[in-house]
Amino acid sequence: MLDLHCHILPGVDDGATSLEESLAMARFFVRDGITHVVATPHCHRGYRLLRADVVPRVARLNEALATAAIPLVVLPGSEIQVPDSAVYRREFEAGLYCHLNDSRAFTLLEFSWKPELYPTDAVELIGWLLARGTTPIVAHPERHSFFTDDPPRLRALVEAGAWIQVTVDSLLGNFGPTARKAGEWMLREYPIAVLASDAHNLQRCSGLSAGYAWVKEKLGEGRAAELRANAERVLAAIAPTPRGT
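Residue numbers (full-length UniProt numbering): 1 to 245.
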């Protein structure tokens, strides 16, 4: 299984605070049946992790995993916030961002938690990215009030070609009833979706198997299979010859 959103890199954002915690998270992922994770540290005004920072850090983490004999492959990436689409476009073109597995096939986008900072040209930005061969995946829309209070806003992004990523903890109710209900509705409504853990530490690390089990129970085995297949599509695009098992 692929987890395409987690904060496993140690000491860079509000995720793992130490290498020991990163290794503990990795052991949990392996027990959960996960083979590949994309390390997606925050890239925003608070934690500005750019490609030049992320790629070597991920390489060092993979070395530590090999030394500890933990059979998990960590791929580089970032959770890139877009408070200003003009700045985003400029920095995208400059190659500053680390997309999923340092490939432009897929990128993980986050919008600011402040509704007033939602870009007025968000739909145009989706088209702009697709024209450059990059499919954007919108991170945890079920947790953003400007999507849950205004469903057509997210629909416009999906119809423009964006994918969505729903977080397992939302489905399990760990972010409250609104996120749970919205996450379920979004998974019912939008075929092109993926599940991810958005794990930050061992206390916020539900894994993926619990999420797929929830989907199977609530939405049916077929929908769970579709979500797994969507994740495999991402993995095949960003890592055509996956390392490890």
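Heads up, a few of these hints could be off.
[Stated by the list, open to error] With a straight-line Cα cutoff of 20 Å, these simulated SDA-like cross-link-like pairs (lysine to any residue) come out: (1) 114 to 175; (2) 114 to 48; (3) 216 to 236; (4) 114 to 62; (5) 218 to 177; (6) 218 to 191; (7) 216 to 229; (8) 181 to 229.
[To be verified] Restraint-style ranges between C-beta atoms, simulated for each label pair: (9) 155 to 177: 18 to 24 Å; (10) 120 to 17: 33 to 39 Å; (11) 20 to 121: 22 to 28 Å; (12) 220 to 31: 35 to 41 Å; (13) 236 to 66: 34 to 40 Å; (14) 127 to 83: 28 to 34 Å.
Think of the hints as simulated: they come from the structure by calculation, not from any bench.
The C-beta atom is built at its ideal place from N, Cα and C for all residues, glycine as well.
So, going through the hints one by one against the coordinates:
Using a Cα cut-off of 20 Å, the hinted pair residue 114 and residue 175 holds, with the two alpha carbons roughly 17 Å apart. For the hint pairing residue 114 with residue 48, the CA-to-CA distance comes to about 18 Å; that is within 20 Å, so the pair holds. Among the hinted pairs, residue 216 with residue 236 is inconsistent with the structure: their alpha-carbon atoms are about 24 Å apart, more than 20 Å. Simply put, residue 114 and residue 62 have alpha-carbon atoms about 35 Å apart, too far for the 20 Å limit, and the pair is violated.
The hinted pair formed by residue 218 and residue 177 meets the criterion: a straight-line CA distance of about 15 Å does not exceed 20 Å. Distance hint between residue 218 and residue 191 is fulfilled; the C-alpha atoms sit about 15 Å from each other, no more than 20 Å. Annotation: proposed proximity of residue 216 to residue 229 holds, straight-line Cα distance about 14 Å (limit 20 Å). Using a Cα cut-off of 20 Å, the hinted pair residue 181 and residue 229 is violated, with the two alpha carbons roughly 23 Å apart.
As the Cβ distance of residue 155 to residue 177 is approximately 22 Å, the hint placing it in 18 to 24 Å holds. Taking 33 to 39 Å as the suggested C-beta distance range, the pair residue 120 and residue 17 conforms, at roughly 37 Å. Range check, residue 20 to residue 121: about 43 Å between beta-carbon atoms, so the 22 to 28 Å window is missed. About 26 Å separates the C-beta atoms of residue 220 and residue 31, a value inconsistent with the hinted range of 35 to 41 Å.
Checked against the given bound of 34 to 40 Å, the beta carbons of residue 236 and residue 66, roughly 24 Å apart, lie outside it. The hinted range of 28 to 34 Å is not satisfied by residue 127 and residue 83, whose Cβ atoms lie roughly 19 Å apart.
Comparing the model with each numbered hint stated earlier shows that hints 3, 4, 8, 11, 12, 13, 14 do not hold.
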